[in-house]
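All chains should be modelled from the sequences, with the hints used to inform the complete structure.
Taken in order, these protein sequences are the chains called D and L. With the working numbering, the residue at position 179 of the first sequence is 179, and numbering never jumps. With the working numbering, the residue at position 32 of the second sequence is 32, and numbering never jumps.
Be careful, since some hints might not be right.
[To be verified] Here are the simulated DSSO-like cross-link-like pairs (lysine-lysine), alpha carbons at most 30 Å apart as the crow flies:
#1 L:Lys210 with L:Lys6
#2 D:Lys117 with D:Lys27
#3 D:Lys123 with D:Lys27
#4 D:Lys56 with L:Lys210
#5 L:Lys6 with D:Lys89
#6 D:Lys27 with L:Lys210
#7 L:Lys210 with D:Lys123
#8 D:Lys130 with D:Lys117
#9 L:Lys210 with D:Lys53
#10 D:Lys117 with L:Lys6
#11 L:Lys6 with D:Lys46
#12 D:Lys89 with D:Lys53
#13 L:Lys210 with D:Lys117
#14 D:Lys89 with L:Lys210
#15 D:Lys130 with L:Lys6
#16 D:Lys27 with D:Lys223
#17 D:Lys46 with D:Lys123
#18 D:Lys46 with D:Lys89
#19 L:Lys210 with D:Lys46
#20 L:Lys6 with D:Lys123
#21 L:Lys210 with D:Lys130
#22 D:Lys46 with D:Lys56
#23 D:Lys117 with D:Lys46
#24 D:Lys27 with D:Lys89
#25 D:Lys89 with D:Lys117
#26 D:Lys53 with D:Lys27
To be clear, the hints were calculated from the coordinates, so they are not data collected in a lab. Predicted model, so just to flag it, every value in this text is computed and none were measured.
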Amino acid sequence: MIQFFHVYKAYPGDPPVLQDINLNVEKGEFVFLTGPSGAGKTTLLKLIFCGEKATKGQILVGGRNIARIRESAVPYLRRNIGVVFQDFKLLPHRSVADNVGFTLDVLGVPRAEGREKVRRMLKLVGLEHKADALPLRLSGGEQQRVVIARALVNDPTILLADEPTGNLDPALTVEIMDLLTQVNIRGTTVVVATHDATLLARYQKRTVRLERGQIVSDEDGVKAARRMAV
Amino acid sequence: MSALAKTAYFWRSAAGGLRHSPFVHFIAVSTIAIALFAAGLARGASRVVDNLLSSLGGEVEVTVYLAPELGEDEVHGVHERVQQLHVGDVTVVPPEAALVRLRRELGDLGEALAELPENPLPATLEVRVPAERRSPEALRTLAKELRAQPGVTAVDYGEAAVERLSAIARALRFGALVAFLVVLGTTIIIVAATLQLAIYSRREEIEIQKLVGATDRFVKAPFLLEGLLQGLLGAGLALLGLWTFGRVLGPTLGSLFAFLLGPGVSTAWVEPRTALELVAAGCGLGLGGSFVAVGRFLRV
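What follows is the structure in structure tokens.
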């Protein structure tokens, strides 16, 4: 589903952010991307949804080489990728339902159909009763669930989450991670960037570790959890 | 269905944009309204000037001097040939009538004409030229055609006066065009600047739109519609202003300038054609401004 071949990313005048990244994420897989701050986790996610362009190397997403993708084709690629940001990126003056339905507006889904999809998605994330509330009136965990609902409302094949629990307390963290696991079970490929070791130990999923822009380990969940415990 | 839903979204978003930053849009709408109001007034004033020029032009008469040796039948022959050219009303002025007219015009000095042994004036043809052939070029061509007729010795149409009048009209039109272009440019810049502020205030929304897969066209369309709505609102306000102006000051101005307007000339400030032109201009200004704004600021 996602393949990186010798991918580099550098900004002029700075040391490379990513170096010689080779990675293969299968369809329906759940992958943790971990490493210290500044290791290149966010940049790697950005390369997948064309938020950044690779300096060198090839990236295939759904069989399509996005290193050579035309600018005008990027929006259509993004429609298949849901993104969950650490800073939420919610529109503060729009209701929860409007924020979730925003993606459907972009796709031109008729309003009635869109409302029904939004209702179903809010039900999935347990926020059906907060449909008319403004995001700022919600807790951090609830806001993050709205973001997940927005990312999933058009049934993307890939879900990317950048530190989705970074601002949350342990109880809410579990809530959000359970939700992401549930999404993965439904068939969506999920890539989660996190530096939270307790998450890796608890969920025991494939873990790719980045350090100074390079992949230093790529282990299955059990092995990674065992190493964490040591 | 998708296109319909997107169109509905664009309109909702554009209307929402107007509500979102009312003051910014108020400035843009007011600017368009003032520019169009001024254009409407200028249009009314230009009608007055055109009417003045037309009434002065109405005095343009071409005099065709015939050879003195022509007899009455030959003069009649030339008259018929000139009439066949379809140059307007052609009247024969025999030498005797010309002499009487000259005597009358000279007043006391006219008595001296009685001392002449014979009438020195030739027969002439007076041509009242229709309005569409009163331009200097048309008159020059007409004079050339008339001079080519057998029996014609000279043609006079007050060339200098016509050229001067035409130069004044040209200068007025050029001035109006320059003023129009300055107002057009200024208005587009102001509309673009206000829309840039509107775009800036919605940058978060645009960023999210892009992240969830909106195309550039999708992002830009509501802002273009916002510009169009600004233009329509501005044109509506300008028309309301002109209508009010016509109701309040129209009769006074009409009576003040009655001598220029002449009989049967409309003094209405909002005619259907003017209204359509102003609405079209408003849409053009709004869209022009929004094109500049999205082109400069929405490089998404």
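Each hint, compared with the structure:
| no. | hint | in the structure |
| --- | --- | --- |
| 1 | L:Lys210 with L:Lys6 | 15 Å, holds |
| 2 | D:Lys117 with D:Lys27 | 24 Å, holds |
| 3 | D:Lys123 with D:Lys27 | 26 Å, holds |
| 4 | D:Lys56 with L:Lys210 | 24 Å, holds |
| 5 | L:Lys6 with D:Lys89 | 23 Å, holds |
| 6 | D:Lys27 with L:Lys210 | 25 Å, holds |
| 7 | L:Lys210 with D:Lys123 | 26 Å, holds |
| 8 | D:Lys130 with D:Lys117 | 15 Å, holds |
| 9 | L:Lys210 with D:Lys53 | 15 Å, holds |
| 10 | D:Lys117 with L:Lys6 | 17 Å, holds |
| 11 | L:Lys6 with D:Lys46 | 28 Å, holds |
| 12 | D:Lys89 with D:Lys53 | 21 Å, holds |
| 13 | L:Lys210 with D:Lys117 | 21 Å, holds |
| 14 | D:Lys89 with L:Lys210 | 12 Å, holds |
| 15 | D:Lys130 with L:Lys6 | 26 Å, holds |
| 16 | D:Lys27 with D:Lys223 | 21 Å, holds |
| 17 | D:Lys46 with D:Lys123 | 29 Å, holds |
| 18 | D:Lys46 with D:Lys89 | 15 Å, holds |
| 19 | L:Lys210 with D:Lys46 | 13 Å, holds |
| 20 | L:Lys6 with D:Lys123 | 26 Å, holds |
| 21 | L:Lys210 with D:Lys130 | 26 Å, holds |
| 22 | D:Lys46 with D:Lys56 | 15 Å, holds |
| 23 | D:Lys117 with D:Lys46 | 27 Å, holds |
| 24 | D:Lys27 with D:Lys89 | 27 Å, holds |
| 25 | D:Lys89 with D:Lys117 | 21 Å, holds |
| 26 | D:Lys53 with D:Lys27 | 23 Å, holds |
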